[in-house]
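Chain order of the listed sequences is A and B.
Everything in the first sequence is counted per this note's numbering, starting at 4 for the first residue and increasing by one.
Everything in the second sequence is counted per this note's numbering, starting at 4 for the first residue and increasing by one.
Some hints here could point you the wrong way.
27 Å max Cα-Cα, derived BS3-like pairs, lysine-lysine [to be verified]:
(1) B:239 <-> A:413
(2) B:5 <-> B:413
(3) A:96 <-> B:413
(4) B:391 <-> B:342
(5) A:182 <-> B:96
(6) B:413 <-> A:294
(7) A:83 <-> A:96
(8) B:413 <-> A:391
Simulated from the structure, these hints should not be mistaken for lab results.
Protein chains: 2
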Amino acid sequence: MKNVVVGQSGGPTAVINSSVAGVYSGAKELGAEHVYGMIHGIEGFLQDKLVDLDEYLDNPMGIELLKRTPSAFLGSCRYKMPKPEGHEDVYEKVFEVMEKHDIDVLFYAGGNDSMDTVKMLSDYAKAHGKKQQFMGVPKTIDNDLPVTDHCPGYGSAAKYIATTLKEVIRDNESFGAAKPTVEVCEIMGRDAGWLTAAAALAKGDDCTGVDAIYLPETAFDVDAFMAKVDYLSTHKHSVVIAVSEGVKLADGRYVMELGSENAMVDAFGHKQLSGTASTLCKMIAQKTGLKTRAIEFSTMQRAGSHVASLTDINEAFAAGKLAAEAASEGATGEMVIFKRLNKPGEPYQCGFSRYDVHEIANGVKNVPLEWINETHDGLTQDYINYAKPLIQGELIPFWCDGTPRHLVMKELADF
Amino acid sequence: MKNVVVGQSGGPTAVINSSVAGVYSGAKELGAEHVYGMIHGIEGFLQDKLVDLDEYLDNPMGIELLKRTPSAFLGSCRYKMPKPEGHEDVYEKVFEVMEKHDIDVLFYAGGNDSMDTVKMLSDYAKAHGKKQQFMGVPKTIDNDLPVTDHCPGYGSAAKYIATTLKEVIRDNESFGAAKPTVEVCEIMGRDAGWLTAAAALAKGDDCTGVDAIYLPETAFDVDAFMAKVDYLSTHKHSVVIAVSEGVKLADGRYVMELGSENAMVDAFGHKQLSGTASTLCKMIAQKTGLKTRAIEFSTMQRAGSHVASLTDINEAFAAGKLAAEAASEGATGEMVIFKRLNKPGEPYQCGFSRYDVHEIANGVKNVPLEWINETHDGLTQDYINYAKPLIQGELIPFWCDGTPRHLVMKELADF
Chain A
4 MKNVVVGQSG GPTAVINSSV AGVYSGAKEL GAEHVYGMIH GIEGFLQDKL
54 VDLDEYLDNP MGIELLKRTP SAFLGSCRYK MPKPEGHEDV YEKVFEVMEK
104 HDIDVLFYAG GNDSMDTVKM LSDYAKAHGK KQQFMGVPKT IDNDLPVTDH
154 CPGYGSAAKY IATTLKEVIR DNESFGAAKP TVEVCEIMGR DAGWLTAAAA
204 LAKGDDCTGV DAIYLPETAF DVDAFMAKVD YLSTHKHSVV IAVSEGVKLA
254 DGRYVMELGS ENAMVDAFGH KQLSGTASTL CKMIAQKTGL KTRAIEFSTM
304 QRAGSHVASL TDINEAFAAG KLAAEAASEG ATGEMVIFKR LNKPGEPYQC
354 GFSRYDVHEI ANGVKNVPLE WINETHDGLT QDYINYAKPL IQGELIPFWC
404 DGTPRHLVMK ELADF
Chain B
4 MKNVVVGQSG GPTAVINSSV AGVYSGAKEL GAEHVYGMIH GIEGFLQDKL
54 VDLDEYLDNP MGIELLKRTP SAFLGSCRYK MPKPEGHEDV YEKVFEVMEK
104 HDIDVLFYAG GNDSMDTVKM LSDYAKAHGK KQQFMGVPKT IDNDLPVTDH
154 CPGYGSAAKY IATTLKEVIR DNESFGAAKP TVEVCEIMGR DAGWLTAAAA
204 LAKGDDCTGV DAIYLPETAF DVDAFMAKVD YLSTHKHSVV IAVSEGVKLA
254 DGRYVMELGS ENAMVDAFGH KQLSGTASTL CKMIAQKTGL KTRAIEFSTM
304 QRAGSHVASL TDINEAFAAG KLAAEAASEG ATGEMVIFKR LNKPGEPYQC
354 GFSRYDVHEI ANGVKNVPLE WINETHDGLT QDYINYAKPL IQGELIPFWC
404 DGTPRHLVMK ELADF
């Protein structure tokens, strides 16, 4: 490969920059002359907004600092490639920019929508006899990409959630009031409950854990929920419940729609959810008179690089590096995937491979129903066994004058 | 001193347990036979709920683990001592429990309301010729106790806020949309803006910082706020604003009261605030059509021991230890205070003293108006100079199987 470009797309994670570091390191080792970064993803690339990553990463300290930097170092976007028919100009523009800079390979780190971009660009290249390659690097805190065992970004978000919930639970438990405060913690996850499931990781011999967990994989039963709250609040002096932002009633309505506000719709046609926890807290307060507190982990859960999982950081780096190696072997229209090599009970071992992006783009992998307990308010040990290895290890931030140091791309501010 | 007891009261902090460790270490060094902990503060003490802290702390590992444990290890309470007149039975009960266990000194770690408890108990002892001593150990993330330069708990909460805001800002900045998302971060602080002021600490050469900061010390001007949002949203592609939960209009109404919900009142007669950020976000969305996100740092900001400030931990420990030393010198009705020994521009140096709790109890120290900028939406360099030393240093958690290890008192679960 001569020159390559890497971009980041969709919601940021704590480790998406490790994947950029991996692509950079891998491509450089394989002889790439220039590794460019696209500013604000494919949206910026279409405007020829590029940066030569040597400027930031051509030294070990740059790489280490980038690994500790949350969110998209290169800038992200939510631009959705149009269907090629009638929009050939958009596609031709991509190839024009690639040719202008002599770029052989385009790496795109993202989730479901981003893999759709990789798919459409690689399909277009094949259909039009173009030699450029397009490789996907998995990235999503949602952990919902098909085929791969798990996704970079998930382990760190799960570690943030487990760490923060332990602290939130201790905070609520410190009060010994006769009537407990019921805290409902809202966790990201529109359709898949992986992130909310991570609430189960707070439990241990130094933490009682959350008292109930509700995922969008099963229908939310308001009566069963209220009965659970009633039971918990008469048997415990602290109640902390984890709930996915995307929980839905059996009739398909989002729980948050039970509140007064209507959901808004984003550029991809997804409902903009918020307020599931506050909707449930209002319901609890009205029906029981108990004091409640709605807590949203909001963007902190995806940007919390100061508690990132070292396992996740290393795997995200490997995903980028392996994408570069795959491209050097001629791969296109593929995404790097993770395979769990160990058998159950054996020490965790993660293997890597690559897979046709057609089988991945726009697909969704949910939490298996057999990992959800019978009463649909908790996870089984199988989930714990799956997730625990992903949150292991830490990469201590470069603490500088009281806060973690981040790597900043000055071109982003100018954009 | 023969035996002593230590209790924790009010909202937890990340370092209130360091003060317990300090009292324990100090009292033991001074020859105390038993150092008891009161379970759930004075409320549990009145029911003779005590634990001998040797069980947990009679080894260096116990002390180190306690320093890394957030929230009140002993359990907290919000019990307000009644006025002595007509409630002599409550006061006599305190002395009865002290005499039963041969306790000379009662240490109470807390904020304004807790210092009122220390004041009333020491006054009662003097008035009734009782020899028992009562010492206050400062604790409040709000940093609003008078006389002392700052309060244990503040530095760690400030470090959590600065660290988290850097991550939140990076997250929001990663998108390069023509129209920014306006994020409003709500930070605790009913009357004093110290915690919200800590948002100013996010700024540095690797972070643009928050775009505006609103404290309850100055009247909140809705028109000026909306004009600021208008300006920012047309000049920046990311807008992040920090606002205190307690900001009020010139007419005294809380900003959150502009929303539809009425505030609830807690046991101390304080309004239970929430929803200031969401009220402002609704206002922005309605008037500008911009996408908004309300973020509340909620109890995470006071329980975030995984990002606690080492300076704060050490000072909280020292406060507990010095309270024990003061008691051994016969002090009662006093609180340990911090004095800044260095002159401006010199390296930070914290000295310790003690002060009459009558001058402290129920008092409030606000952010000096001269540290707030002219447009009432930011802090001056004087505040930065004051606060920066308080967030320095880290005490790495004991990471254990993916999450920070905490010390748990089994008696608390049984309460």
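Each hint, compared with the structure:
| no. | hint | result |
| --- | --- | --- |
| 1 | B:239 <-> A:413 | holds (15 Å) |
| 2 | B:5 <-> B:413 | holds (26 Å) |
| 3 | A:96 <-> B:413 | violated (65 Å) |
| 4 | B:391 <-> B:342 | holds (16 Å) |
| 5 | A:182 <-> B:96 | holds (24 Å) |
| 6 | B:413 <-> A:294 | holds (25 Å) |
| 7 | A:83 <-> A:96 | holds (15 Å) |
| 8 | B:413 <-> A:391 | holds (25 Å) |
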